[in-house]
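A.B. asks: Next come the chains, spelled out residue by residue.
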Amino acid sequence: MKKLNESLEVERIYTVLEERIEQELEERIELGCWMYCKEFCIMYS
Amino acid sequence: MNENVPKLKDCVYIQEFDTSNKNKTFVLVCENKRWQITDYLYHIINLIDGKRTIENIAKELSVILGRNVDEKEVSEVFEKFLIKRGILEGTHDTVKKKKSSAYLWMKIPLIKSENIEKFRFLSNLFNREVVIPFIIIGVLVIAYSIIYLNNKGINLYSIITMNNLDYISPLIIVYISTIFHELGHSSACMHYNIKPGDIGFAFYFTYPCFYADVSKVWHLKRTQRAVVDIGGVYFQFVFYVLMCLIGMIIDNISLILGALLGILFFVGTFNPFIKMDGYWMLSDLMGIPNLHDATKKFLSLRIRNIFGINTEKEDVFIRDIKEKEKRFFIIYVLASIIFMTSFTFGIANVSMMTIAKLYNVINAIDAIDMNVKNIFYTFINNVALVVTTILLIRIIFTTSKALIQGIFSFVNDIKKSVRRSNIEY
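Line by line, the protein sequences are chains A and B.
Residue 19 in this note's numbering sits at position 19 of the first sequence; the count goes up by one each step and never skips.
Residue 252 in this note's numbering sits at position 252 of the second sequence; the count goes up by one each step and never skips.
Take these hints with a grain of salt, some might be off.
[Unchecked claim] Quick look at which bits of chain B chain A covers, simulated, 3 or more residues with Cβ under 8 Å:
hint, segment
1, 5-13
2, 111-123
3, 131-144
4, 217-231
5, 329-342
[As the list claims (entries may be wrong)] Far from chain A, some chain B residues (derived; all Cβ distances over 12 Å):
hint, residue
6, THR53
7, GLU60
8, ILE87
9, LYS107
10, ASN151
11, GLU182
12, ILE199
13, PHE205
14, SER254
15, ASN271
16, ILE274
17, ASN290
18, LEU291
19, PHE307
20, ASP315
21, VAL316
In case anyone wonders, no lab produced these hints; they're calculated from the structure.
A virtual CB, placed ideally from N, CA and C, is assigned to each residue, including glycine.
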């Protein structure tokens, strides 16, 4: 019986700690890019 | 830090986070970093008041969660997150800061946050009573400027068949408008009383660009974040309308052409697979933060599932996305695969061209004393392509690194599964 309890205990701690309880949010960098201007010109000229 | 009586750093605060997660999630802020946290961690952090011991926190957490939580479990959370990330007094962040984008480099701040706040008056352009009339008038002005050009014998088709030289002055208009684009994002932040970050210059892959740091908008609601995302295009639109008006008043065709060309480029801005406006807008509307990471994670989990590895407990933030948003997310993942495949072929194509052009450069060096001008032109034409080659090497390096890490992670998974089955046994 004790053995069963012990394995349940391991499983419970595993559940909480193995799950990602946090994730770092990425930096929000809004770009104003000219790439389309350049590609557009190459494509049509 | 007294290990038994933990205390949060003064700068730490928590806000509710608007996402498509089935459960409540929160944003934890400490210095310049932000984390999405589950309510489990939220309760633990809320119980840290500089008076409670870890034992007391465990006891009170047991009452909140309705299950037995012991000191060992709480201590482990402290060790694995709060201490490692420097959230507690007397600790410091030991985890490497997450890069905004591996391909955004040479960032040079041009307008500091304090100076951007001097343009706070521009945030009035986001008032509802201003936006709708502005858009209607803008569309009418642009329609009229097309008629104006037609009367001068220039139609839209002739814009796209101009030669390189004809493009120079309209393109200058487009480049200048990019600063207004960034100001648009920052003004939208100020409209919602969020302090904007710096505006600067950087390279995205090999393309020069302006950027605006709006990291603080994570605190806003999903729809408000989407307004900040579209704010750039809105300001650029206002700028183009002004250019059309001025162009018609002073009879300058280049100004009108620049504005119309810029409006055509809006299409590219909404590409959701590269980190431009479309990406952030989709991420906010779907309520899935770190969309690129989530896509990679989702693919990796599915691949591991194919090999029979149980990944159920791996990522609560993907598993708990609401059903409707999850459907859109899966469509996005599939479309990403198609886009990334064609993008990779595109890069391969460019690199083939680079090698061919570099070959021409070497040939040209033999003629250095015969025609210095030619060498100069060849050099100018190829600088961008040399950078592309360097970038390609970098991509190959990053991909190989990811592959090796993937193999290690796969081996670890197998080890874990074996260990778990031993425990169960």
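A.B. asks: Determine for every hint whether it applies to the structure shown.
C.D. replies: Verification of the hints:
no.	hint	in the structure
1	5-13	violated (count 0)
2	111-123	violated (count 0)
3	131-144	violated (count 0)
4	217-231	holds (count 4)
5	329-342	violated (count 0)
6	THR53	20 Å, holds
7	GLU60	16 Å, holds
8	ILE87	10 Å, violated
9	LYS107	8 Å, violated
10	ASN151	23 Å, holds
11	GLU182	5 Å, violated
12	ILE199	9 Å, violated
13	PHE205	8 Å, violated
14	SER254	15 Å, holds
15	ASN271	9 Å, violated
16	ILE274	8 Å, violated
17	ASN290	5 Å, violated
18	LEU291	9 Å, violated
19	PHE307	19 Å, holds
20	ASP315	6 Å, violated
21	VAL316	5 Å, violated
Checked against the numbered hints given earlier, the structure breaks hints 1, 2, 3, 5, 8, 9, 11, 12, 13, 15, 16, 17, 18, 20 and 21 and satisfies all the rest.
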